[in-house]
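Chemist: Now for the letters of each chain:
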Amino acid sequence: GAGVSQSPRYKVAKRGQDVALRCDPISGHVSLFWYQQALGQGPEFLTYFQNEAQLDKSGLPSDRFFAERPEGSVSTLKIQRTQQEDSAVYLCASSLEHYYGGYTFGSGTRLTVV
Amino acid sequence: SQQGEEDPQALSIQEGENATMNCSYKTSINNLQWYRQNSGRGLVHLILIRSNEREKHSGRLRVTLDTSKKSSSLLITASRAADTASYFCATEMDSSYKLIFGSGTRLLVRP
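Note that the protein sequences, when read in sequence, are chains S and W. For the first sequence, this note's numbering begins at 1 and goes up steadily by one. For the second sequence, this note's numbering begins at 1 and goes up steadily by one.
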């Protein structure tokens, strides 16, 4: 597609529920990133994929967070047993190479845990 | 944790005026990027300046970088109401691919 597509746009989860957030990067983009953006703050890095390989997951806040990109295109960020502090916008970004030129971000998924 | 601090946190100007936003960071960088974010939307890449560059222009945007002071500024000339958004600086450190974002400047351009 023309841009990075994320779904759903909005997700309300009850505390303790598992959620899965999807990212469709631009076709052919090798690098894929997930960021978490709390209200009124800048995005914070969660994890990075190069093709299907997860090269860095140092930003994942706990072992309840898991990301995958099994075929090197679509990626899923899964959060198990959601807690209120997980409420945030989750942004996905992709690029052809890992830098130079900036990244293309999706519109994000706004997760609210109640 | 965020590397960048942006100043001011909020800025309100009249259409036609210039807007200047500043960003400071802590560690050495490979490049610095500016992004715009409209309310409820994703980030849009505006401009990238490499560590060996001092100034860059793109349309009504002018970015400067002072690596000795670890700071950058974004100037938007002849602002328009459509420029109303949050603006973030993001640094990419040496030998890394992560973007470290600042906390952003919320710009309001009054028509």
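If you are wondering where the hints come from, they were derived from the structure by calculation, not from laboratory data. Honestly, I wouldn't trust all of these hints.
[Unchecked claim] Quick list of simulated restraints, FRET-style, between CB atoms:
| no. | chain 1 | residue 1 | chain 2 | residue 2 | range |
| --- | --- | --- | --- | --- | --- |
| 1 | W | N22 | S | F66 | 36 to 42 Å |
| 2 | W | E17 | S | R15 | 28 to 34 Å |
| 3 | W | D66 | S | G72 | 29 to 35 Å |
| 4 | W | R80 | S | V12 | 47 to 53 Å |
| 5 | S | G28 | W | N30 | 20 to 26 Å |
| 6 | S | E68 | W | G16 | 33 to 39 Å |
| 7 | W | R54 | S | R81 | 26 to 32 Å |
| 8 | W | E53 | S | V12 | 28 to 34 Å |
| 9 | W | P111 | S | S5 | 42 to 48 Å |
| 10 | W | R50 | S | V114 | 30 to 36 Å |
We put the beta carbon where it would ideally sit given N, CA and C, even for glycine.
Chemist: Determine for every hint whether it applies to the structure shown.
Modeler: Tested hints:
The beta-carbon spacing between W:N22 and S:F66, approximately 38 Å, falls within the hinted interval of 36 to 42 Å. In this structure the hint that W:E17 and S:R15 lie 28 to 34 Å apart at CB is violated, the actual value being about 46 Å. One distance hint, 29 to 35 Å for the beta-carbon pair W:D66 and S:G72, is violated here, with the actual separation near 39 Å. Between W:R80 and S:V12 the C-beta distance comes to about 35 Å, which lies outside the given range of 47 to 53 Å.
For the pair S:G28 and W:N30, the beta carbons lie near 24 Å from each other, so the given range of 20 to 26 Å is met. As the Cβ distance of S:E68 to W:G16 is approximately 49 Å, the hint placing it in 33 to 39 Å is violated. At about 49 Å, the beta-carbon gap between W:R54 and S:R81 misses the expected band of 26 to 32 Å. About 44 Å separates the C-beta atoms of W:E53 and S:V12, a value inconsistent with the hinted range of 28 to 34 Å.
In this structure, W:P111 and S:S5 break the distance hint of 42 to 48 Å, their C-beta atoms being roughly 32 Å apart. Checked against the given bound of 30 to 36 Å, the beta carbons of W:R50 and S:V114, roughly 44 Å apart, lie outside it.
The structure is inconsistent with the numbered hints 2, 3, 4, 6, 7, 8, 9 and 10, although it conforms to all the rest.
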